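Participant: Chains as they are written, first to last, in numbering that gives the first Met the number 0: chain Z, 0 to 418; chain U, 0 to 102; chain R, 0 to 225.
Derived from the structure by calculation, the hints contain no laboratory data.
On a predicted model such as this, the values are computed, not experimentally measured, just so you know.
Be careful, since some hints might not be right.
Okay, derived cross-link-like pairs now, DSSO-like style, lysine-lysine, Cα gap no bigger than 27 Å in a straight line [stated by the list, open to error]: (1) R:Lys39 to U:Lys11; (2) Z:Lys48 to Z:Lys346; (3) U:Lys81 to Z:Lys363; (4) U:Lys81 to Z:Lys145; (5) U:Lys11 to Z:Lys363; (6) R:Lys107 to U:Lys11; (7) Z:Lys271 to Z:Lys118; (8) U:Lys81 to Z:Lys213; (9) Z:Lys26 to R:Lys39; (10) Z:Lys346 to Z:Lys77; (11) Z:Lys346 to U:Lys44; (12) Z:Lys246 to U:Lys81; (13) R:Lys107 to R:Lys187.
These are the residues of each chain, in order.
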Amino acid sequence: MSGFQNQEISQVIDINRKKCKGCDSCKAFCPANAIDGKYGTVHRIDPQKCVFCGQCLVNCPFGAPTDIIDPVDQIIEKLKNKQLTVVAAIAPAVRVAIGEEFGMEPGSLVTEKLYGAMKEAGFKVFDINFAADQTIMEEGSELLAKIRHYALGEPAEHPLGPLPQFTSCCPAWVRYVELNYPQIIPNLSSAKSPMMMAGSLAKTYGAKEIWNVKPENMYVVGVMPCTAKKFECSRPEFDSAGTYWEKQGYTGKYPDVDSNLTTRDLARLFKKLDINFNMVYDYQDSDNPLAQYSGAGTIFANTGGVMEAALRTAYFIITGTELDNLNFTPVRGLQGIKEADVTMTDKVTGKTVTLKVAVAHGIKENAVPLIEQVIAGTSPYHFIEVMNCPGGCVNGGGQPINAMGTSWVDKWKAILPWN
Amino acid sequence: MASYDYVEKAIKVSRREFLQVVGVAGAVLWTGAYVATDLVQDRTKYIKLRAKGIYQDDVKAKVRQSHNNVALNKMYQTFAQKPLSPLSEELFHTRYVDRTKLG
Amino acid sequence: MNNQGEQRVLKHRLSSRLFHWGLVLGFLPAAITGFIIWLKPGSEDFVNLAMRAHIASATLLTIAVIIYSITTMDRVVAFIRQISEWTQHDLKWMMVGGGYAHKIILKKEIPVPPMDKLNSGQKSMGIFMFHGGIFLLFSGWILYAFIMVVPKTFVYWIDFGHLWIGLFLGVCTFAHIGLGIYNWADFKAMFGDGTMTLVEATHHNPLWVEHKIEPTKKTTETIIAN
Chain Z
0 MSGFQNQEIS
10 QVIDINRKKC
20 KGCDSCKAFC
30 PANAIDGKYG
40 TVHRIDPQKC
50 VFCGQCLVNC
60 PFGAPTDIID
70 PVDQIIEKLK
80 NKQLTVVAAI
90 APAVRVAIGE
100 EFGMEPGSLV
110 TEKLYGAMKE
120 AGFKVFDINF
130 AADQTIMEEG
140 SELLAKIRHY
150 ALGEPAEHPL
160 GPLPQFTSCC
170 PAWVRYVELN
180 YPQIIPNLSS
190 AKSPMMMAGS
200 LAKTYGAKEI
210 WNVKPENMYV
220 VGVMPCTAKK
230 FECSRPEFDS
240 AGTYWEKQGY
250 TGKYPDVDSN
260 LTTRDLARLF
270 KKLDINFNMV
280 YDYQDSDNPL
290 AQYSGAGTIF
300 ANTGGVMEAA
310 LRTAYFIITG
320 TELDNLNFTP
330 VRGLQGIKEA
340 DVTMTDKVTG
350 KTVTLKVAVA
360 HGIKENAVPL
370 IEQVIAGTSP
380 YHFIEVMNCP
390 GGCVNGGGQP
400 INAMGTSWVD
410 KWKAILPWN
Chain U
0 MASYDYVEKA
10 IKVSRREFLQ
20 VVGVAGAVLW
30 TGAYVATDLV
40 QDRTKYIKLR
50 AKGIYQDDVK
60 AKVRQSHNNV
70 ALNKMYQTFA
80 QKPLSPLSEE
90 LFHTRYVDRT
100 KLG
Chain R
0 MNNQGEQRVL
10 KHRLSSRLFH
20 WGLVLGFLPA
30 AITGFIIWLK
40 PGSEDFVNLA
50 MRAHIASATL
60 LTIAVIIYSI
70 TTMDRVVAFI
80 RQISEWTQHD
90 LKWMMVGGGY
100 AHKIILKKEI
110 PVPPMDKLNS
120 GQKSMGIFMF
130 HGGIFLLFSG
140 WILYAFIMVV
150 PKTFVYWIDF
160 GHLWIGLFLG
170 VCTFAHIGLG
180 IYNWADFKAM
190 FGDGTMTLVE
200 ATHHNPLWVE
210 HKIEPTKKTT
220 ETIIAN
């Protein structure tokens, strides 16, 4: 099979032949045209094109696409192993959706309950919102270095990638670019996704300073609203923690993130462990530095959230003052492409710079036009946030399936499923 | 042309009957249309509710900007020094793969 | 008065016969292709072809239904009235199965209560086809043209209903075809010029002959002249 590195998982979603009716709903939501099968016939996913986003799964009326990677039993075994420190790296979007698997309304914010349930199950908590804040610092600094060079004309300290910069936290988006538009790879931020930063931080700083354990005795589990993350953590280049310790003289090869649970998987894990989520005691975990996060970190779950978080920090770093209104509404909401201009006065040089940003969610309809602009050299933007899933990670392929819902947030989409 | 000697008598529908049927049919169709448009408009409500929950988490947070995360700043001070430092590059940055060239 | 001097009655008007053809060319292929789509035997191209044929014949059926309903509303009214009128005769008829089992299997003719234009079995078929058919048309179009618009759980149950009501009506249709051929006079009428002899009509539909038919103008004139 082409398009895969060694050791990478090559399939996450498979279509159940008995349930598929060939209605073509999944094809309408697939960003990568990865589904084969004529109208009325049983469909198949082509793993060489699939980006593992799971949108087919959450939108199929018949539940035919299935997540074939089920790590729940394996993780329960790891939790039982007293030699291991099992760390759950929890994504922002999980805390407003996990309740739905236990009868709560969508959007119920249950962070403390979630922490409590994780504690009862035996996990240590690493809130990815912390890593999201970290992503802002890393990716934001990268962006500002480019702005200072390209927009303000200052000399660059290190070799810089080109503008516009695209976000790189969404693994489906990254794989999509790697498969279909490799020419814009230099535009992708070099920053890892928050989950992968969390993995490498957990097994270095976390091992040393927070939990006081050996990294080879750690098992990091991402808890994600996302099915593509199951692929992402299998990417062979993500073994930075092991490489770091090797340089210090220790041996051991292990991935930064060992395994991944979707929000749905986590609910099943709780049920298997007889943890009644509704009755769990709240747990603040306030002594845990890796569970501390800012509001900017938590909004990564929404489309426009990464952009808004980045702007809050970029504005401060350039101007030296905080934004008056931290609610940057032009980048919020379900519109396919959102744009904003932010004019700032550089505190160092006194020059004015206008940052032009764009936010896209849904690759096929909204990101591709922006990519084409970049390739043609006509993109007006400095920074573009792309999320594969319509609405952002809150509507990810790993989230609880909403029976009355749809990922169709745009006005116009072909109604007739003609093939 | 067929030849026949008898035909069925003509069907008569009274005005009252007609209005009754049309009235009921109209009520059914109107209610159906109302329910249908309601359902269709609410289909993305779950996404909006989840997003709202996230923005609530943002508003009630003590700190609302990433650069003001105290624990994060401590991590940089004691471990990675600063964003884009050599250690940060090593642990928190990555390279991508042109998969069209992968066999 | 035909060649043999037998009197004939018009049982099925041209519009009704044309609509029946619409059902034969629309509903029947849809039922058969629907069955194929359900089981998905054979190659992808075969099933896809069945699906495309299903949609084409369903479209034909929809058009036939719309045209018939609008242009000959009196026949629709007549039909609905017939299938809604159930009397003691109908209940007794159902109990003996119209005498068909006796005739076909036991080769014995038994007395059967008098029937109107539709016998009780045909009335049941009419109820199933009318309500089931409307459901199939609405649900079919939703599943084809509006699947992206309708919430997932509705699509699931509408598809479930479309399948099982479709299968049930398919089975009814095959029974109907068999019995229709068995009733050769009616078969000739529906696929021919719409007429049968008064004797044949009186045998099967005595109540209809007695209360619901009248002589044509020509016949009346002939009677008066004579």
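Participant: If a hint holds in the structure, say so; if it doesn't, say that too.
Facilitator: Here's how the hints hold up against the structure:
Note on R:Lys39 and U:Lys11: the hinted pairing is violated, with a Cα-Cα distance of about 48 Å set against a maximum of 27 Å. Between the alpha carbons of Z:Lys48 and Z:Lys346 the distance comes to roughly 46 Å, so the proposed pair goes past 27 Å and is violated. Our distance criterion of 27 Å between C-alpha atoms is broken by U:Lys81 and Z:Lys363, whose separation comes to about 37 Å. Between the alpha carbons of U:Lys81 and Z:Lys145 the distance comes to roughly 17 Å, so the proposed pair stays at or under 27 Å and holds.
The straight-line distance between the Cα atoms of U:Lys11 and Z:Lys363 is roughly 59 Å, outside the 27 Å bound, and the hint therefore fails. Proximity of R:Lys107 to U:Lys11 is assessed by CA-CA distance (about 41 Å); at most 27 Å being required, the pair is judged violated. With a C-alpha separation of about 15 Å, the suggested pair Z:Lys271 and Z:Lys118 falls inside the 27 Å cut-off, and the hint holds. For the suggested pair U:Lys81 and Z:Lys213, the alpha carbons sit about 25 Å apart, so the restraint of at most 27 Å is met.
The straight-line distance between the Cα atoms of Z:Lys26 and R:Lys39 is roughly 19 Å, inside the 27 Å bound, and the hint therefore holds. Between Z:Lys346 and Z:Lys77 the alpha-carbon distance is near 51 Å, which puts this suggested pair outside the 27 Å criterion. A distance of roughly 43 Å separates the Cα atoms of Z:Lys346 and U:Lys44; the hinted pair therefore is violated under the 27 Å criterion. Annotation: proposed proximity of Z:Lys246 to U:Lys81 holds, straight-line Cα distance about 20 Å (limit 27 Å).
For the proposed pair R:Lys107 and R:Lys187, the alpha carbon gap of about 25 Å is at most 27 Å, so the pair holds.
The earlier numbered hints that this structure contradicts are 1, 2, 3, 5, 6, 10 and 11.
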